[in-house]
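A.B. asks: Work out the full structure: start from the sequences and follow the hints.
Here's the letter readout for the chains.
Protein chains: 2
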Amino acid sequence: MKQANKKIVVIGGGTGVFTVLTALKPHFKNLTAIVTMADDGGSTGILREEFGMLPPGDIRRALIALSASDNKMLANLFSYRFQEGVGLAGHTFGNLLITALHRITDDFEQAIEEAGKILLAEGKVVPVTLDRAQLLAELEDGQIIKGETNIDIPNHDGRIKIKRVWLKPEAALNPNARKAILEADLVIIGPGDLYTSLIPNLLVKGMREALQKTKAKVAYFTNLMTKFGETNNFSASDFINTLQSYLGKEVLDFAIINNRKPSPRRLAGYIKERAEFVEPDLGNIRLNKNFMPVTADLLRPKGFVRHDSEKIAKAIRMIL
Amino acid sequence: MKQANKKIVVIGGGTGVFTVLTALKPHFKNLTAIVTMADDGGSTGILREEFGMLPPGDIRRALIALSASDNKMLANLFSYRFQEGVGLAGHTFGNLLITALHRITDDFEQAIEEAGKILLAEGKVVPVTLDRAQLLAELEDGQIIKGETNIDIPNHDGRIKIKRVWLKPEAALNPNARKAILEADLVIIGPGDLYTSLIPNLLVKGMREALQKTKAKVAYFTNLMTKFGETNNFSASDFINTLQSYLGKEVLDFAIINNRKPSPRRLAGYIKERAEFVEPDLGNIRLNKNFMPVTADLLRPKGFVRHDSEKIAKAIRMIL
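Heads up: the protein sequence lines correspond to chains U and B, in order.
Every letter in the first sequence is one number past the one before it in the numbering used here, and letter 72, counting from 1, is 72.
Every letter in the second sequence is one number past the one before it in the numbering used here, and letter 89, counting from 1, is 89.
Possibly wrong hints are sitting among the right ones.
What follows is a set of in silico ranges between Cβ atoms, one per label pair, in the way DEER data are often shown [stated by the list, open to error]:
no., chain 1, residue 1, chain 2, residue 2, range
1, U, M318, B, T22, 53 to 61 Å
2, U, K272, B, W166, 52 to 60 Å
3, B, E113, U, K302, 29 to 37 Å
4, B, S263, U, K117, 39 to 47 Å
5, U, P175, B, R81, 27 to 35 Å
6, U, P301, B, K146, 55 to 63 Å
7, B, E84, U, G248, 39 to 47 Å
Dumping the calculated DSSO-like pairs for lysine-lysine here, alpha-carbon to alpha-carbon at most 27 Å [as the list claims (entries may be wrong)]:
no., chain 1, residue 1, chain 2, residue 2
8, U, K272, U, K2
9, U, K217, U, K314
10, U, K117, B, K25
11, U, K314, U, K261
12, B, K117, U, K25
13, U, K72, B, K117
14, U, K117, U, K6
15, U, K117, B, K72
16, B, K217, B, K25
17, B, K302, U, K117
18, B, K146, B, K168
19, U, K72, B, K72
20, B, K289, B, K215
21, B, K314, B, K2
Treat the hints as calculated values from the structure; they're not laboratory data.
Just so it is clear, CB atoms sit at the ideal spot from N, CA and C, and this is done for glycine as well.
C.D. replies: The following block contains the structure:
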């Protein structure tokens, strides 16, 4: 099979999924994004509460990444956030579009499909679960934090580590997500916020079994920067060991770790938000039989400290 | 020139423009809708106030009528009105789309163009003016009513006739509307609410001059039913004579009047809203040198008392 025809599944949420899909889109024809349904903040949180629907924000970002439309305005429009209006300020246009389509079709997955048609999305976006559940976290001091946003933007002391996270009530894997994983040639997890974008996918009942059962290679992209309140002081091994503890053994085939440190000048912009460079401490990673951590320069040459699309694409072509 | 290539301009607002455009779309390639900017009610009114923008509602309806998209969901989506959500309930999705595009482009006409691209609109929709103005009415008892919605949905005694309407402040004709009128082969006014959808277009400074100057034939479709508070007890001659008083002499070439009365059973549905059949009283119409009123059966065979699309198309092909 030509590489371009291989089936690739990306699991995550937030901007990480966007980055990976954008990197893969020019090279691969068969892309599926499986996105977390734990988001409960901002525009998405309001729609979730007022419409009793699943959160549209991560769906929207993935659809935009997959859009093949020449109409640049369409992507701008989907990402546009209203600044004015008593009832509109803060809402993202694409979220409202998915909400309206959900109400018209009365089917969340069909609403995503219709939004994809409008954007001419090449690839599928699949909610990890169709069940509504809240993400909870227990901190090392015993505190319980309720809701993805409260974990993500901590009111609590951000230096206290997260002990564990779970979903309440339990949520079951979306059959379409399961099917995509079982049929995939490669499953990519991350990059993304560990506890709030990645692990919520792994908490869904049936996900670990599907990842154990699939013949696909499973690869994890560690983050470039830590996040205060979530992965404070984490090195690459902390990311990997934590993910492994939720994934179960023998699932992960590769971890792809950035080894290029940004200049002090670029890092200076992150001091305020207490984010630090993730050190590639290979020696601390727990190794399994089939698991191989690899390091490479994955850094975007300038600007924000982000993964470079072309470097991600190269790394993925290497392991496919 | 083949009839299909003739340039047709439709002037109005509300559902009347939608009906005429829908009738013309299969037969003519060169359609322009010039729509009133006086609407200040509902979703449009809120957006107008909160975003300081021109009203999107009539634009939206005309764009949907011109859409050539196979995607039926797209028209449903544009027309969808949110039922839930503290800030969203009552807003029409298409209005929010035009609002977001307006903010992104910072240009109302470009926003309309971009919305048209998404809908694959065949034809143009042009706001009659780019100036913001309010519609005011003086009733026969001297009362002044401010705002299109207050005139349209009267809190005042609906039996008291409207003496005159005007815009405050004055608004100037959009140059693109002027251009379309001057280049047209046929200009159609109405059907539509006389004081709130049609005359607000004629009040715009430069409109009468453009209609006097154009070589296009100018035709007016009278309404099928009266509207309580606006055209209470009006017969066809009242519609035509009133319109003429705002148009000036020698502008109108034809008035096209329905002569088919719906069954008492169909009319029974209109008793509650105090709407009555408009009698085709040809004898009371003031005639000018070049003006000819004609009557025909324009009634939709069943259902709501509306103009029939095919009959409108036939009438227009006759006078072209």
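A.B. asks: Going straight from one Cα to the other, do B:K146 and B:K168 come out at no more than 27 Å?
C.D. replies: Holds: B:K146 and B:K168 sit about 10 Å apart, inside 27 Å.
A.B. asks: Starting from the hint 53 to 61 Å, judge whether the C-beta atoms of U:M318 and B:T22 obey it.
C.D. replies: Roughly 56 Å apart at Cβ, these two residues keep to the hinted range, so it holds.
A.B. asks: Holds or violated: the 29 to 37 Å window for the beta-carbon distance between B:E113 and U:K302?
C.D. replies: Roughly 35 Å apart at Cβ, these two residues keep to the hinted range, so it holds.
A.B. asks: For the pair supplied as a hint, B:K117 and U:K25, confirm whether the alpha-carbon distance does not exceed 27 Å.
C.D. replies: 24 Å, holds
A.B. asks: Do the Cβ positions of B:S263 and U:K117 conform to the proposed distance bound of 39 to 47 Å?
C.D. replies: 43 Å, holds
A.B. asks: Sort out whether B:K72 lies within 27 Å of U:K117, counting only the CA atoms.
C.D. replies: 12 Å, holds
A.B. asks: Do the alpha carbons of U:K72 and B:K117 lie within 27 Å of each other, as the hint requires?
C.D. replies: 12 Å, holds
A.B. asks: Hinted pair, alpha-carbon criterion (27 Å max): U:K117, U:K6. Please report holds or violated.
C.D. replies: Roughly 22 Å separates the two Cα atoms, so the pair holds.
A.B. asks: Is the hinted range of 55 to 63 Å satisfied by the C-beta distance from U:P301 to B:K146?
C.D. replies: 60 Å, holds
A.B. asks: Is U:K72 within 27 Å of B:K72, Cα to Cα?
C.D. replies: 23 Å, holds
A.B. asks: Are B:K289 and B:K215 close enough, with their CA atoms no more than 27 Å apart?
C.D. replies: Since the Cα atoms of B:K289 and B:K215 sit roughly 16 Å apart, the hinted pair holds (cutoff 27 Å).
A.B. asks: U:K217 and U:K314: Cα distance at most 27 Å?
C.D. replies: With Cα atoms ~16 Å apart, U:K217 and U:K314 stay inside 27 Å; holds.
Consistency with the previously given hints fails for numbers 8, 17, ordered from lowest to highest.
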